[in-house]
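With the sequences and hints as input, model every part of the structure.
Read off the chains here:
There are 2 protein chains.
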Amino acid sequence: MYTDTVAGNGGDFIIQGDVCWSAGPHTLEIKPDSFLVCKGGKSAGVFEQLPQQYANLPLSCYRGRLVIPGLVDLHTHAPQFVYRGLGMDMELLDWLTSHAFPEEVKYHDLAYAGKAYHFFVEHLKHGPNTRILVYATIHVPATLLLMNMLEESGLVSMVGKINMDRNCPDGLREESAAASLSATREWLEAYAARQDRYVNTKPILTPRFIPSCSDDLLRGLGAMRHELKLPVQSHLSENRKEVEWVRKLYPASEGYGAVYREFDLLGSAPPQEAAPTVMAHCVWSDEREINLLAERRVFAAHCPQSNANLASGIAPVRRLLNAGVPVGLGSDVAGGTNCSIFRAMSDAIQVSKLRRTVLNVDEKPLSLEESFYLGTAGGGAFFGKAGMGYSGSFEPGADFDALVINDNTLAAPFNLSIRDRLEQAINIYDNHHIEAKYVRGRLIS
Amino acid sequence: MYTDTVAGNGGDFIIQGDVCWSAGPHTLEIKPDSFLVCKGGKSAGVFEQLPQQYANLPLSCYRGRLVIPGLVDLHTHAPQFVYRGLGMDMELLDWLTSHAFPEEVKYHDLAYAGKAYHFFVEHLKHGPNTRILVYATIHVPATLLLMNMLEESGLVSMVGKINMDRNCPDGLREESAAASLSATREWLEAYAARQDRYVNTKPILTPRFIPSCSDDLLRGLGAMRHELKLPVQSHLSENRKEVEWVRKLYPASEGYGAVYREFDLLGSAPPQEAAPTVMAHCVWSDEREINLLAERRVFAAHCPQSNANLASGIAPVRRLLNAGVPVGLGSDVAGGTNCSIFRAMSDAIQVSKLRRTVLNVDEKPLSLEESFYLGTAGGGAFFGKAGMGYSGSFEPGADFDALVINDNTLAAPFNLSIRDRLEQAINIYDNHHIEAKYVRGRLIS
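Heads up: the sequence lines are chains A and B, in that order.
The first sequence begins at 1 in our numbering and counts up one residue at a time.
The second sequence begins at 1001 in our numbering and counts up one residue at a time.
Among the hints, erroneous ones may be present.
Said to hold, decoys possible - Pairwise CB distance ranges, derived in the manner of DEER restraints:
#: 1; chain 1: B; residue 1: N1408; chain 2: A; residue 2: S367; range: 37 to 45 Å
#: 2; chain 1: A; residue 1: P32; chain 2: B; residue 2: H1126; range: 27 to 35 Å
#: 3; chain 1: B; residue 1: A1023; chain 2: A; residue 2: D33; range: 41 to 49 Å
#: 4; chain 1: A; residue 1: G40; chain 2: B; residue 2: N1167; range: 57 to 65 Å
#: 5; chain 1: A; residue 1: N291; chain 2: B; residue 2: A1023; range: 52 to 60 Å
#: 6; chain 1: B; residue 1: L1110; chain 2: A; residue 2: G24; range: 40 to 48 Å
#: 7; chain 1: B; residue 1: G1114; chain 2: A; residue 2: R63; range: 22 to 30 Å
#: 8; chain 1: A; residue 1: D33; chain 2: B; residue 2: H1126; range: 25 to 33 Å
#: 9; chain 1: B; residue 1: F1414; chain 2: A; residue 2: N291; range: 53 to 61 Å
#: 10; chain 1: A; residue 1: A179; chain 2: B; residue 2: H1026; range: 42 to 50 Å
#: 11; chain 1: A; residue 1: R166; chain 2: B; residue 2: E1048; range: 57 to 65 Å
#: 12; chain 1: A; residue 1: F414; chain 2: B; residue 2: K1241; range: 47 to 55 Å
#: 13; chain 1: A; residue 1: K115; chain 2: B; residue 2: A1055; range: 40 to 48 Å
#: 14; chain 1: B; residue 1: L1093; chain 2: A; residue 2: V361; range: 18 to 26 Å
As the list claims (entries may be wrong) - Think about it this way: if two alpha-carbon atoms lie no more than 35 Å apart in a straight line, the pair counts; the simulated DSBU-like pairs of lysine-lysine are:
#: 15; chain 1: B; residue 1: K1115; chain 2: A; residue 2: K31
#: 16; chain 1: A; residue 1: K106; chain 2: B; residue 2: K1031
#: 17; chain 1: B; residue 1: K1241; chain 2: A; residue 2: K364
#: 18; chain 1: A; residue 1: K31; chain 2: B; residue 2: K1031
#: 19; chain 1: B; residue 1: K1364; chain 2: A; residue 2: K106
To be verified - Covered stretches of chain B, going by a simulated chain A footprint (3 or more residues, C-beta under 8 Å):
#: 20; segment: 1075–1085
#: 21; segment: 1307–1313
#: 22; segment: 1420–1433
If you're looking for bench data, these hints aren't it; they were derived computationally from the structure.
The beta carbon of each residue, even a glycine, is placed where N, CA and C say it ideally should be.
Take a look at the structure:
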C-alpha cells in the first residue's frame, strides 16, 4: 500500500551556505560556505568544493546564511491549534474537558474544519518544521480534508483519524467499537482510492489513549495495523492522574504501556517487522515500561513544553536514550503553545537541567547536539521506518528537507561560530528568520 | 536628589480600544471598547462613555485592539543581551565564567559598548516592556552611555554600575573597595551634573552579589544608599552552589539574605524609610529568609526562564506572596533568552505548575490573573517606591504606560473574550503584534 515516492519534482539543484546537521546524537557536522546538492528530492551530499559532475546544476546562493535540515514534529493536534495559548493555567484532564473536547466536537462541520485547518496549515508552512505527525478528530470528512490541505502545502505528514468510543463527551464518542472501526476503514479506503493525489501525506492509526478506547476497539485496531501495515500513534504515561486511571481500568496489567502491548498496538520485536509506533510523552514510564519500549522499538515523542504547561512533569529522556528507545520531539499543540520544534529543542535542554536540579537525580542534561539531533534526525527516522524516506540529515540518500535561516538580522558586535548561530536559532529565532524552506527538494516557502 | 518628573510631554489625549489591566493580584479590570485618558503623562481613568470634559482631546482609535499596561522587567543585564541564547546547556557559575565575565570585560571600550548597547536598546524599544531595572558593568563611562541611550529611547529605567572587588577575573575586579566606591561616586556625580537630561533614567546601587563584594565594599555601599537615598538591586539565593559559597564565606551568618542585612543593603523596616531594594531570584530562600524579605519590604524579582536555563531551580513564588513579599518579574537576560515579560508571565505560570507536580508540594500554581499582575503592577510598584511614578495600572494617577496589541493577525474561527485574548498575548504573541507603545504618555514605537 505504501511506496516510497519522491515528492516535489523540484528538479536537481544546489544550495550554497553555512551547512550544519547532526551526524549523530553527539556530533554536529559543520561545513562553512559549502554546497548542498539535491538530486531527485534527496541529498546527494555536502561539498566544500563543488564536484565537476554538478557544475551545470542551478545554484541558489545563501552565502552567510545557516542551512540546516527541516525540523520534525512527532506529536501535534491539528484541531487544537486555533486555541493554543488558552487554558494554560489548568492541568491535563481539566483542560481536555474544558478546551480540547468541546472544540473537537465542531469538526463534524466541514466548513468549520476547513476554516480552522487553514489557519493551522498556513502557520506550519511558514514555520521551521518540514514533517509532522498529526492527530485530527474522529470525523472522516474533516480528516480527509486536513490530509488534502497538508498535501497541498508541500509538507510531509502522517495524519490520524482519532478513535474513541468511551469516557468522552457526546459528539466525540463513537457509537461502538464496530462503528469506530468501520469509520476508520471508510477513511482508509477513501484515502487509497485517491492515493495518486497523496505524495507527501499518509494515514496513521490513532487510538486517542487507553481510557478513551474499549477493549474491542483496541483489539480491532491491533489487527488492522498488521493487515494494512499501518504505523500507530498514541499517548502514553503523560500525567499522574491519567496513569492512575489506566491502572484502575486494567488492574491486572503490568502498566500503561503493557496494555497497548496486550492489544498488539505497541511496536514490534524481531523477527516481526511491523510499521513503527510512536508514543507521546512517556513522562511517568518506569524502568519496566522504558525497557518494553526499547524492546518493541517504539519511538517516544518528547513534548517538554506541553508536559510543563499541563503540569504533567518532566520526561526521563536520559533514561529513554540510555535504554535505546528512539526519541524525537513533539510540540503537542495545544498542550504546547508553540508549533516550532526549535522551541521544543530549547525546552528539552531546559527541563533536562531542571529535572536534575529539582529532582536531584544524577542524569546528565541534554546537550545542544543531542537536542538538535532529537528534533531533526531523531524524529526523521520515524518517517524512514514508515516508508516515507528519512529526513533530518544531509547524508547522501536523506530526503532533502532544508531550512535557510537568515540570522544577519540578529546583529552582534562580534562574530559567532556556526555552532553558536545554531544555538541562537534554537533559543531565540522566530519564523521571521526563515528565508527559505525546502521539503523533499521542493521550495515551499 | 530625585524628583518625580513627568516625562514625555506627549500632551493630553485619549486612546480607544478593548482595555484590560490588573486591579489586584486576583482581579482583571476589563473594559470593552472604552476610552483611556492620558493627562500630563498619567492615566486620568478608563471610561465606557467619554466624559464631556475630555471631548476636545485628540483621540487615537484602536477599536478592536487590546490595550494593556506596559510590562515591567525588574531584572536584566544589558551587556549580556548580545549573546543571549548562548551557553544554554550550562549551569550558572560555569556560564558566568565562560560567557558573562569575558564579555563584560570588553565594556571598558566605549566604542564597543556603544555598538552592543545600541542592539539592546533598539530591541527593547520594540518589545512590550516599558520600564526596566538594568545591570551595566563596572565601567563608569559605558554605564553613563547606556543611561543616555535609554533616556533617548523614551523607556523608563534604573541603571546600575556594578560593584565587584573580589572573586572575579582580572579586568572586572575593581582594585579595592575604596576604588569601587569612588568610581561609584564619580558615576553618580556625572549623572547629577547632567540631571536635567535625565527624565526617565535613574541610578540604582548594584553590588553584583555577595561573593564578588568585600566586606568594606558592602559596608560602604550600605552607607551610600542612605546618604544618597538610592535604591538597591542585587542577586539572592539563586543557585545551590552559590548559596553554599556564601555560607562558606559567612559561616556565622543566618543566611545569604542576612548578610545583605548585616551590611544594611536589604530594604528597611518601619519607621525607617529608605529607597526600595529588589533582590533577583530568591529560588533557595528558606522560610526565615522569606520572612526577612517581607519584614524589610524587599521586592523579589522572579526570573523563571533564567532559573530553569541555568539549572538554578523553581522559586517558591507562592510562599513569597503568602508571606507578603512584593514580587515582580524579571527576564534576567542572558540567563533568560527572551527580553519580553510576556514570556516571563507565561513561564511563571508554567514553572509554578511544574513545581507542584515535580516537587509534589501543596502550593497553588499561579493563575493568569496573578502572573499578569506580577509583570505589570507588581513590578510597577517598585518604580513608585523609588519616586519615579508607579505603572502597571490604568487607575487615575498611574503613569501612562500602555501597549496596543493587534491580535487581528491571529485569526481564529471563533470570537475570543478579552481575557482569552490577554492569555494568548501572554503565551504566543511576539513583538510583531505590538501596534503602539506609550511610556509616560509618550508614543515611543
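Which hint numbers doesn't this structure obey?
3, 9, 11, 12 and 18
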